[in-house]
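From just these sequences and the hints, can you work out the full model?
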Amino acid sequence: MRAFVTILAVVALIGAAVPGETRAENPAPYSGTESFDTGAPFKPFVDAMPAAIKGNSFGVIGIACANCAIQSKFKETIPGNRVFLFFRPDYARRMLKASTAAGIEAPIRLYVTETPAGTAQVTYRLPSHVFGAYEVAELTAMGKELDTRVAAIIADATKTAK
Numbered sequence: 011m012r013a014f015v016t017i018l019a020v021v022a023l024i025g026a027a028v029p030g031e032t033r034a035e036n037p038a039p040y041s042g043t044e045s046f047d048t049g050a051p052f053k054p055f056v057d058a059m060p061a062a063i064k065g066n067s068f069g070v071i072g073i074a075c076a077n078c079a080i081q082s083k084f085k086e087t088i089p090g091n092r093v094f095l096f097f098r099p100d101y102a103r104r105m106l107k108a109s110t111a112a113g114i115e116a117p118i119r120l121y122v123t124e125t126p127a128g129t130a131q132v133t134y135r136l137p138s139h140v141f142g143a144y145e146v147a148e149l150t151a152m153g154k155e156l157d158t159r160v161a162a163i164i165a166d167a168t169k170t171a172k
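The opening position of the sequence shown corresponds to residue 11 in my numbering, with each subsequent residue numbered one higher.
Zero decoy hints are in this set.
Distance windows between CB atoms, simulated:
| hint | residue 1 | residue 2 | range |
| --- | --- | --- | --- |
| 1 | L95 | A165 | 15 to 21 Å |
| 2 | P54 | G113 | 32 to 38 Å |
| 3 | A165 | K85 | 33 to 39 Å |
| 4 | D57 | K154 | 26 to 32 Å |
| 5 | T170 | Q81 | 24 to 30 Å |
| 6 | P89 | N36 | 18 to 24 Å |
| 7 | P37 | K172 | 20 to 26 Å |
| 8 | C78 | E155 | 28 to 34 Å |
| 9 | A111 | G72 | 18 to 24 Å |
| 10 | G49 | A111 | 35 to 41 Å |
| 11 | G72 | A143 | 21 to 27 Å |
| 12 | T129 | G65 | 18 to 24 Å |
| 13 | K107 | I71 | 16 to 22 Å |
| 14 | T87 | A143 | 34 to 40 Å |
The set of hints was computed from the structure by calculation and includes no laboratory data.
Since the model is a prediction, treat every value here as computed from it, not as a measurement.
Even glycine gets a Cβ: it sits at the ideal position worked out from N, Cα and C.
Right under this line is the structure:
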């Protein structure tokens with residue numbers, strides 16, 4: 011037992027002594043995660059998102075800004091990021107009629123991060139994968155419709171931002 015504890019302590023010390031970034035990261039840990047650089051400047055893109063969401067007949071449920079909170083609380087500057095939450099009542103009704111359990115999946119979340127080049131990187135889970143996981147035909151069909159609608163929102167914001 012003592013040898014085991016000693017080995018664990020040595021492994022922990024070696025791990026702590028490794029210089030640089032030691033954490034592993036999978037930027038897309040879930041199947042169906044889309045992530046791509048829009049090529050549009052970050053600030054104009056995030057400024058264009060609410061109008062793109064509304065222009066595609068969705069309601070903005072919320073916008074989260076971690077870099078804003080960090081700057082306010084700690085006076086630290088980190089690359090920009092936003093999480094846009096949006097949905098529509100007609101989709102909510104369809105979703106809940108098909109499966110109350112699927113209610114956890116709404117609203118749709120779209121994560122926008124600022125790249126080192128200052129462009130907007132978009133990451134989101136394809137609604138077809140999110141809702142398709144329930145294996146309910148109505149949700150699968152709705153998810154596929156939402157894939158197209160989310161792509162249109164991103165395209166509209168990108169066009170406006172460029």
